[in-house]
Amino acid sequence: MAIHQKNYSDFVNLLFMGAYLASASLVGYLFRYIHFTETNIIMAYLLAVLLTARQTNGYVYGILAAIIATLAFNYFFTAPYYTLAVYDPNYLITFVVFTITAMITSALTSHVKQSAIKANEKEAETKALYMLTDHLTDAESMHDIAEIAVKIITDVMQCQTGCLCFDENGLPEGKFVQQLSPEEQIHRDVTDPEELKHRIEGLRTDSVSGTEFNDWLIFGRDNVLGLIRIPLKRTTAMTEAQIRLLRSMIESIALAMDRHRSSQQRQKYREATVQERYRGNLLRAISHDLRTPLSGIMGTAEMLMDMTNSNDPRHDLSKVIYNDADWLYSLVENILSLTRLQEGKLILNKQLEAVEEVIGGAVHHIKQHSPEHEITVKIPEELLLVPMDAKLIEQVLINLLDNAVKHTPKENEIRIQVSKNTATNDVMFSVADRGEGITQIDLPYIFQMFYTSQSKQADAKHGIGLGLPICDAIVKAHGGNIEVHNRSDGNGAEFIFSLPMEVNQDG
Amino acid sequence: MDNLGARILVVEDDSQIRNFICYALRSEGYKYSSERTAQGALSLLVSEPVDLMLLDLGLPDFDGMEVIKKVREWSEMPIIVVSARDQDKEKAAALDLGADDYLTKPFSATELLARIRVALRHLYQQNKNQQHTCYQIGDLRIELDKHLVFLKQIEMHTTPMEYNLLVLFFKNSGKVLTTSFIIKEIWGTDYGSDTQALRTLMAGLRRKIETDPAKPRYIMTEIGVGYRLVDE
Numbered sequence: 001m002a003i004h005q006k007n008y009s010d011f012v013n014l015l016f017m018g019a020y021l022a023s024a025s026l027v028g029y030l031f032r033y034i035h036f037t038e039t040n041i042i043m044a045y046l047l048a049v050l051l052t053a054r055q056t057n058g059y060v061y062g063i064l065a066a067i068i069a070t071l072a073f074n075y076f077f078t079a080p081y082y083t084l085a086v087y088d089p090n091y092l093i094t095f096v097v098f099t100i101t102a103m104i105t106s107a108l109t110s111h112v113k114q115s116a117i118k119a120n121e122k123e124a125e126t127k128a129l130y131m132l133t134d135h136l137t138d139a140e141s142m143h144d145i146a147e148i149a150v151k152i153i154t155d156v157m158q159c160q161t162g163c164l165c166f167d168e169n170g171l172p173e174g175k176f177v178q179q180l181s182p183e184e185q186i187h188r189d190v191t192d193p194e195e196l197k198h199r200i201e202g203l204r205t206d207s208v209s210g211t212e213f214n215d216w217l218i219f220g221r222d223n224v225l226g227l228i229r230i231p232l233k234r235t236t237a238m239t240e241a242q243i244r245l246l247r248s249m250i251e252s253i254a255l256a257m258d259r260h261r262s263s264q265q266r267q268k269y270r271e272a273t274v275q276e277r278y279r280g281n282l283l284r285a286i287s288h289d290l291r292t293p294l295s296g297i298m299g300t301a302e303m304l305m306d307m308t309n310s311n312d313p314r315h316d317l318s319k320v321i322y323n324d325a326d327w328l329y330s331l332v333e334n335i336l337s338l339t340r341l342q343e344g345k346l347i348l349n350k351q352l353e354a355v356e357e358v359i360g361g362a363v364h365h366i367k368q369h370s371p372e373h374e375i376t377v378k379i380p381e382e383l384l385l386v387p388m389d390a391k392l393i394e395q396v397l398i399n400l401l402d403n404a405v406k407h408t409p410k411e412n413e414i415r416i417q418v419s420k421n422t423a424t425n426d427v428m429f430s431v432a433d434r435g436e437g438i439t440q441i442d443l444p445y446i447f448q449m450f451y452t453s454q455s456k457q458a459d460a461k462h463g464i465g466l467g468l469p470i471c472d473a474i475v476k477a478h479g480g481n482i483e484v485h486n487r488s489d490g491n492g493a494e495f496i497f498s499l500p501m502e503v504n505q506d507g
Numbered sequence: 508m509d510n511l512g513a514r515i516l517v518v519e520d521d522s523q524i525r526n527f528i529c530y531a532l533r534s535e536g537y538k539y540s541s542e543r544t545a546q547g548a549l550s551l552l553v554s555e556p557v558d559l560m561l562l563d564l565g566l567p568d569f570d571g572m573e574v575i576k577k578v579r580e581w582s583e584m585p586i587i588v589v590s591a592r593d594q595d596k597e598k599a600a601a602l603d604l605g606a607d608d609y610l611t612k613p614f615s616a617t618e619l620l621a622r623i624r625v626a627l628r629h630l631y632q633q634n635k636n637q638q639h640t641c642y643q644i645g646d647l648r649i650e651l652d653k654h655l656v657f658l659k660q661i662e663m664h665t666t667p668m669e670y671n672l673l674v675l676f677f678k679n680s681g682k683v684l685t686t687s688f689i690i691k692e693i694w695g696t697d698y699g700s701d702t703q704a705l706r707t708l709m710a711g712l713r714r715k716i717e718t719d720p721a722k723p724r725y726i727m728t729e730i731g732v733g734y735r736l737v738d739e
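So the protein lines, in turn, are chains A and B.
Counting in the working numbering, the first sequence tops out at residue 507, every number present.
Counting in the working numbering, the second sequence tops out at residue 739, every number present.
Warning: the hint list may mix true and false statements.
[Said to hold, decoys possible] For lysine to aspartate or glutamate, the following EDC-like pairs were computed, each having C-alpha atoms within a straight-line distance of at most 20 Å:
1. Lys410(A) with Asp442(A)
2. Lys175(A) with Glu147(A)
3. Lys715(B) with Glu382(A)
4. Lys367(A) with Glu618(B)
5. Lys722(B) with Glu413(A)
6. Lys476(A) with Asp426(A)
7. Lys659(B) with Glu669(B)
8. Lys113(A) with Glu125(A)
9. Lys350(A) with Asp389(A)
10. Lys406(A) with Glu333(A)
11. Lys722(B) with Glu125(A)
12. Lys319(A) with Glu555(B)
13. Lys367(A) with Asp701(B)
14. Lys378(A) with Asp719(B)
15. Lys420(A) with Asp719(B)
16. Lys391(A) with Glu555(B)
17. Lys715(B) with Glu333(A)
18. Lys596(B) with Glu333(A)
19. Lys367(A) with Asp426(A)
20. Lys118(A) with Asp134(A)
21. Lys151(A) with Asp189(A)
22. Lys722(B) with Asp402(A)
23. Lys406(A) with Asp442(A)
24. Lys715(B) with Glu669(B)
25. Lys596(B) with Asp389(A)
26. Lys367(A) with Asp558(B)
27. Lys406(A) with Asp324(A)
28. Lys577(B) with Glu597(B)
29. Lys476(A) with Asp489(A)
30. Lys391(A) with Asp701(B)
31. Lys722(B) with Asp312(A)
32. Lys577(B) with Glu555(B)
33. Lys367(A) with Glu717(B)
34. Lys175(A) with Glu125(A)
[To be verified] Under 8 Å between C-beta atoms, here's a sample of chain B residues computed to sit facing chain A:
35. Pro613
36. Gln660
37. Pro723
Just so you know, these hints were derived from the structure itself, not from any lab.
All residues carry an ideal CB built from backbone N, CA and C; glycine is no exception.
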């Protein structure tokens, strides 16, 4: 159809040219008939050339008309008539001057006309762009932007346009919006999401052609934000100016979408911060509201124990209250630590700490609660300064020692040992007990959350299974590793964890 | 006993803990009054004589830290901070603001009474303006006038810094000294918060006075806060 159109406009132009030149020739005959000078005939031809140039597109017809007018004048009005020969050499000068004059005037006319067309195009372009940006500022969502874009592009390009938004990961959404008529918009399912994705991947030009459509991609700052779909027929028929306009429009749409995305992002961050604060407040509230009454209960139970003789049954009852409250208290502590660890929001306060001090702190803590157990400590003579969050590593040691104390009879040994592994530049901590060890069934799951031993029955109270997952999380957060095995030299289990001696740049 | 004359103010918003503390105090023969808000505590302090304050950091009206700051403007009375907070930074901050000691909930009555005894003894020593020339804890003795340290009656060699550190601990025995306080006292104010030098100095000292540095008998580590020389 495009080719037909071109032929058609050529034909019309030729028709106009022929008509003007024929009229000029007729007027020439009339002038000769009433004995006007030949100059007037030449003027008539010049006018015909000018009109042709004004009516037609481009310089070609004007120049062609100038040449034909010269030949026609030669043919009809110079002796010998009805031939292209001339007797009077004066006419040669006339022909040359006439041709040049006609060409220049026609060229000038065409030029003015072209400029006017260009100016009109520019104006339309500016208007369309202004309309687009003006509407886009009111858009409240990505889909708003898509709908506005589709409507205006349809208006300007006069074809059914569609727009498909891409999500935050740069992947196409399932539905796209299409303008059917100036008033009607519909949302359609994407028929070939996989193929589309495939086509767009790795592509950095601004448009892709399908069988019926041409997709113009909307590039944002970081990734593809969407695409504008225009019928293939319309795209091929577009003039340079229209393509330029379409590009500018897509650029505006990209800007609007980018702006929208980043404001959305900001909103999200704000919400996250608020939620973070709520969560922190909640945790603090829980920790305060649970721990305060529990420590009250523990204190009171302790007072009751002090007031009664150890053979008094009330003494034992108070002790039960105290122990249960103590257990609940450590459960609350564990849940709080684990929540913090699991959120991944734990900020390690890493400093070079003396290994002996951390171990001393942990052993002291355990000694206060279970003074009957003997804990032997073996550490290297040299001072080991290891980057760590001392409070957290102390917690790991306390959890492991606590575990050891629970599983080891009073008279048996609990051993904590530290050694430096120069090969890997690690410090190895080992906590070994003389308990019953760990069954093969439990061994793989022991660091899992809420895992309680399968081999023990009803006494599940000490097996809530949070202590070891906490150790695991803390050690891993330090870039270390924790493992457990049963001792080869008799009963008992040995927990070993490592801490790197050097701070990782990214840790 | 010195105890009997001491007046203690308990500032705690939780009634159960308040009752338990008051009971413990009564059983030891202390006089006490209690308040549940910071505001109430401050107004009581101006109207009644108080020798020592037990202060919860999480009070309903405003932060216990503020109370420490206000009280320190006009009084040197011992303040023992009681807190459920596990944030060591706050403990250290309270100590640096002028609190004398801290207790983390849950604590036992024995622990509480021991801390009160230490604080009161320091108070009386200050009041009597006693200048000790000699301190002894366990087998460890320091003679200030002669600049000598003895362990099990045997004179022990110490570097000047270790000696200064020991003097600092003996003068504040039973009290928690924050890391930043010790650094300021030993190295001066410009040393910042570089704890590595202190850790090394402490390790050297422990190797001289402790039989097992990982199970110290004299200087205890309060992880994340500082150190404490045992008292009794």
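Hint-by-hint comparison with the structure:
For the proposed pair lysine 410(A) and aspartate 442(A), the alpha carbon gap of about 24 Å is over 20 Å, so the pair is violated. For the hint linking lysine 175(A) to glutamate 147(A), the alpha-carbon distance of about 12 Å falls within 20 Å, and the restraint holds. Between the alpha carbons of lysine 715(B) and glutamate 382(A) the distance comes to roughly 13 Å, so the proposed pair stays at or under 20 Å and holds. Straight-line distance between C-alpha atoms of lysine 367(A) and glutamate 618(B) comes to about 14 Å, which keeps the hinted pair within the 20 Å bound.
For the suggested pair lysine 722(B) and glutamate 413(A), the alpha carbons sit about 16 Å apart, so the restraint of at most 20 Å is met. In summary, the hint linking lysine 476(A) to aspartate 426(A) is supported, as the alpha carbons are separated by about 13 Å, within the 20 Å threshold. Restraint check for lysine 659(B) and glutamate 669(B): satisfied, since their Cα atoms lie roughly 18 Å apart, inside the 20 Å limit. For the given pair, lysine 113(A) sits about 18 Å from glutamate 125(A) by alpha-carbon distance, which is consistent with the 20 Å threshold.
A threshold of 20 Å between alpha carbons decides the hint, and for lysine 350(A) with aspartate 389(A) the separation of about 5 Å falls inside it, so the pair holds. For a cut-off of 20 Å, the pair hint linking lysine 406(A) to glutamate 333(A) stands: about 18 Å separates their Cα positions. Proposed proximity of lysine 722(B) and glutamate 125(A) is contradicted: the alpha carbons are some 84 Å apart, above 20 Å. Proposed proximity of lysine 319(A) and glutamate 555(B) is contradicted: the alpha carbons are some 38 Å apart, above 20 Å.
Proposed proximity of lysine 367(A) and aspartate 701(B) is contradicted: the alpha carbons are some 30 Å apart, above 20 Å. For the suggested pair lysine 378(A) and aspartate 719(B), the alpha carbons sit about 9 Å apart, so the restraint of at most 20 Å is met. Simply put, lysine 420(A) and aspartate 719(B) have alpha-carbon atoms about 19 Å apart, close enough for the 20 Å limit, and the pair holds. Only pairs whose Cα atoms come within 20 Å are accepted, and lysine 391(A) paired with glutamate 555(B) is rejected, the gap being roughly 40 Å.
Distance restraint check for lysine 715(B) and glutamate 333(A): the Cα-Cα separation of roughly 37 Å exceeds the 20 Å cut-off, and the hinted pair is therefore not satisfied. For the suggested pair lysine 596(B) and glutamate 333(A), the alpha carbons sit about 18 Å apart, so the restraint of at most 20 Å is met. Taken as a hint, the lysine 367(A) and aspartate 426(A) pair is broken in the structure, with Cα atoms around 28 Å apart against an allowance of 20 Å. This hinted pair does not check out: lysine 118(A) and aspartate 134(A) have alpha carbons roughly 24 Å apart, beyond 20 Å.
Under the criterion of a C-alpha separation no larger than 20 Å, the hint pairing lysine 151(A) with aspartate 189(A) is consistent with the structure, at around 19 Å. With a C-alpha separation of about 17 Å, the suggested pair lysine 722(B) and aspartate 402(A) falls inside the 20 Å cut-off, and the hint holds. As the CA atoms of lysine 406(A) and aspartate 442(A) are separated by approximately 17 Å, the hinted pair is consistent with the 20 Å bound. Pair hint lysine 715(B) plus glutamate 669(B) holds up; C-alpha atoms about 10 Å apart against a cutoff of 20 Å.
Among the hinted pairs, lysine 596(B) with aspartate 389(A) is consistent with the structure: their alpha-carbon atoms are about 13 Å apart, no more than 20 Å. Between lysine 367(A) and aspartate 558(B) the CA atoms are separated by roughly 33 Å; this puts the pair beyond 20 Å, and the hint is violated. Of the pairs offered as hints, the one joining lysine 406(A) and aspartate 324(A) holds, with about 15 Å between alpha carbons and a cut-off of 20 Å not exceeded. The hinted pair formed by lysine 577(B) and glutamate 597(B) meets the criterion: a straight-line CA distance of about 17 Å does not exceed 20 Å.
With a C-alpha separation of about 28 Å, the suggested pair lysine 476(A) and aspartate 489(A) falls outside the 20 Å cut-off, and the hint is violated. Distance restraint check for lysine 391(A) and aspartate 701(B): the Cα-Cα separation of roughly 18 Å lies within the 20 Å cut-off, and the hinted pair is therefore satisfied. As the CA atoms of lysine 722(B) and aspartate 312(A) are separated by approximately 36 Å, the hinted pair breaks the 20 Å bound. A hinted pair counts as satisfied when its Cα atoms are at most 20 Å apart, and lysine 577(B) with glutamate 555(B) qualifies at roughly 16 Å.
For the hint linking lysine 367(A) to glutamate 717(B), the alpha-carbon distance of about 18 Å falls within 20 Å, and the restraint holds. Proximity of lysine 175(A) to glutamate 125(A) is assessed by CA-CA distance (about 29 Å); at most 20 Å being required, the pair is judged violated. Annotation: interface hint on proline 613(B) holds; nearest CB of chain A at approximately 3 Å, less than 8 Å. Violation of the interface hint for glutamine 660(B) is found here, the shortest Cβ-Cβ separation to chain A being roughly 26 Å, above the 8 Å cut-off.
Look at proline 723(B): its Cβ gets to within about 5 Å of chain A, closer than 8 Å, so that hint holds up.
The structure does not agree with the numbered hints 1, 11, 12, 13, 16, 17, 19, 20, 26, 29, 31, 34 and 36 stated previously, though it agrees with the rest.
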